[in-house]
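Enquirer: Could you build the full structure based on these sequences and the hints that come with them?
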Amino acid sequence: MSRRNIFIAVLLGGAIAAGIVIATMSRAPVEPRSAFIIPLPRELPEFSLVDQFGEPVNADTFHGQWDLVFFGFTQCPDICPTTMQILAHAKRELIDAGSNTLPRIVLVSVDPERDTPEILGRYVDYFGEGNLGVGGELGEVRKLTAALGIYFEKAPIDGDNYGVDHSAAVLVINPHGEFSALFSAPHSVANYVHDLAIVMEHN
Amino acid sequence: MVYPCDNCVFSIPFVFRSKTQLMLVLAVFLAACSSEIKPPLVATDIVITEPVPGREMSAAYLSLTNNTNELIDITKITSAEFDAVEIHESLLEGGIARMRQLEKLAVPANSTVELRPGGKHLMLMRPTKTVDSVSLKFFAGTTLLLGINASIQPRND
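Residue numbers (our numbering), protein chains in the order written: chain A, 4 to 206; chain B, 2 to 158.
Just so you know, these hints were derived from the structure itself, not from any lab. All figures in this text were calculated on a predicted structure; none of them were measured in a lab. Keep in mind that a hint or two might mislead.
Below are the SDA-like pairs computed for lysine to any residue, each with C-alpha atoms no more than 20 Å apart in a straight line [stated by the list, open to error]:
#: 1; chain 1: A; residue 1: 157; chain 2: A; residue 2: 139
#: 2; chain 1: A; residue 1: 157; chain 2: B; residue 2: 114
#: 3; chain 1: A; residue 1: 157; chain 2: B; residue 2: 95
#: 4; chain 1: A; residue 1: 157; chain 2: B; residue 2: 56
#: 5; chain 1: B; residue 1: 105; chain 2: A; residue 2: 160
#: 6; chain 1: B; residue 1: 138; chain 2: B; residue 2: 72
#: 7; chain 1: B; residue 1: 39; chain 2: B; residue 2: 64
#: 8; chain 1: B; residue 1: 138; chain 2: B; residue 2: 56
#: 9; chain 1: B; residue 1: 121; chain 2: A; residue 2: 168
#: 10; chain 1: A; residue 1: 157; chain 2: B; residue 2: 102
#: 11; chain 1: B; residue 1: 121; chain 2: B; residue 2: 55
#: 12; chain 1: B; residue 1: 121; chain 2: B; residue 2: 133
#: 13; chain 1: A; residue 1: 157; chain 2: B; residue 2: 100
#: 14; chain 1: B; residue 1: 121; chain 2: A; residue 2: 158
#: 15; chain 1: A; residue 1: 157; chain 2: B; residue 2: 119
#: 16; chain 1: A; residue 1: 146; chain 2: A; residue 2: 54
#: 17; chain 1: B; residue 1: 77; chain 2: B; residue 2: 121
Examples of chain B residues toward chain A, derived with CB under 8 Å [claimed, not checked]:
#: 18; residue: 110
#: 19; residue: 124
#: 20; residue: 153
#: 21; residue: 157
Just so you know, even glycine gets a beta-carbon here, dropped at the ideal spot from N, CA and C.
Expert: Next comes the structure, spelled out in structure tokens:
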């Protein structure tokens with residue numbers, strides 16, 4: 004083999020190696036670990052609720068930023084605070100990683116009779132700044148949950164006390180105010196950190 | 002004959018055919034002794050969460066190990082810092098989170114039961130004072146099985 008041929012062989016080998024590296028890099032990240040991306044994002048229905056400041060909340064409220072929406076209630080000692088804690092922790096990791104697109108965390112109460120704006124405010128503030136607590140008329144909450152496939156029903160405990168059985172999923176609303184992805188329980192910080200970039204990229 | 006512990010049923014034979022045999026007998030002997038002195042019920046990995054502001058409840062998570070050969074049924078739990086302590090279980094079925102109250106917490110013989118977020122847990126209700134730590138007492142009927150104390154951990158750390 005002449006010196007010239009060796010030179011061409013080395014050059015070709017290098018080009019192939021570089022091609023493989025570029026192809027591998029451009030392929031990742033691909034598949035979400037936990038999130039289900041909805042093929043055709045859905046607009047939110049018409050509804051009229053209030054936030055912790057007493058300000059109106061409707062479909063327009065969900066325009067302009069990414070939202071992670073959880074349906075729960077403040078007298079729930081296990082699932083709800085654990086989920087809020089995971090969402091808050093995931094958001095902090097995104098901040099630490101220098102992400103410039105941060106989702107807002109939204110708790111919609113499935114127990115609006117007991118969860119007043121004041122109670123919701125103290126609750127969501129505990130899990131970080133900028134969180135939104137949403138309550139209001141039960142019928143208006145139903146308009147939202149029915150359109151999004153979220154189940155909730157009162158479950159008597161003892162006497163007048165009750166809990167609320169509810170869907171444990173977290174919904175992703177894109178900046179166009181469309182329901183675009185869903186995280187099913189059980190939730191994990193790592194899955195949110197990994198998947199949110201993919202969900203947002205997919206938009 | 003002097004026994005290293007009162008409850009031991011073994012005695013050391015005087016003649017051994019080999020060193021290995023002696024070691025084996027000693028190992029069995031010590032294992033038998035140590036199992037006798039283990040506490041019957043042990044709590045580990047205790048996490049007591051801070052009540053979210055404005056809310057009158059909290060959750061406690063821990064592992065309970067039964068070192069005895071009998072089933073232990075915990076039928077009552079009390080706390081000096083909370084009005085009531087209930088045993089609850091979160092269930093995730095078909096994507097729906099449910100909560101049910103349990104009458105007792107069964108810890109099978111020589112086993113560990115884990116109380117973790119999203120599963121079995123203790124619900125601490127109506128704090129009677131503001132404190133940094135919580136004490137819990139576990140009973141079977143009126144018999145006190147175990148008393149523990151653990152510091153409260155925030156959920157927003």
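Enquirer: Are the Cα positions of residue 157 (chain A) and residue 95 (chain B) separated by 20 Å at most?
Expert: Holds: residue 157 (chain A) and residue 95 (chain B) sit about 17 Å apart, inside 20 Å.
Enquirer: Please work out if residue 39 (chain B) and residue 64 (chain B) have their alpha carbons no farther apart than 20 Å.
Expert: holds, 16 Å
Enquirer: Mind checking the CB of residue 110 (chain B) against every CB in chain A and telling me if the closest is under 8 Å?
Expert: violated, 28 Å
Enquirer: Against the 20 Å threshold, does the CA-CA distance of residue 157 (chain A) and residue 100 (chain B) hold or violate the hint?
Expert: Holds, at roughly 11 Å.
Enquirer: Sort out whether residue 119 (chain B) lies within 20 Å of residue 157 (chain A), counting only the CA atoms.
Expert: holds, 19 Å
Enquirer: Are the Cα atoms of residue 157 (chain A) and residue 139 (chain A) separated by 20 Å or less?
Expert: Given that 20 Å is the threshold and the Cα spacing comes to 16 Å, the pair holds.
Enquirer: Checking hints one by one. Is residue 153 (chain B) an interface residue toward chain A, by the C-beta closer than 8 Å rule?
Expert: violated, 13 Å
Enquirer: Holds or violated: residue 138 (chain B) with residue 56 (chain B), Cα cutoff 20 Å?
Expert: violated, 23 Å
Enquirer: Do the alpha carbons of residue 121 (chain B) and residue 168 (chain A) lie within 20 Å of each other, as the hint requires?
Expert: holds, 16 Å
Enquirer: Is the Cα-Cα distance between residue 138 (chain B) and residue 72 (chain B) 20 Å or less?
Expert: Status holds; Cα separation ~18 Å.
Enquirer: Can the restraint linking residue 157 (chain A) and residue 114 (chain B) be considered satisfied, given a maximum Cα separation of 20 Å?
Expert: Distance of about 29 Å is beyond 20 Å: violated.
Enquirer: Is the straight-line distance between the alpha-carbon of residue 77 (chain B) and that of residue 121 (chain B) 20 Å or less?
Expert: holds, 15 Å
When each numbered hint is compared with the structure, violations occur for hints 2, 8, 11, 12, 18 and 20.
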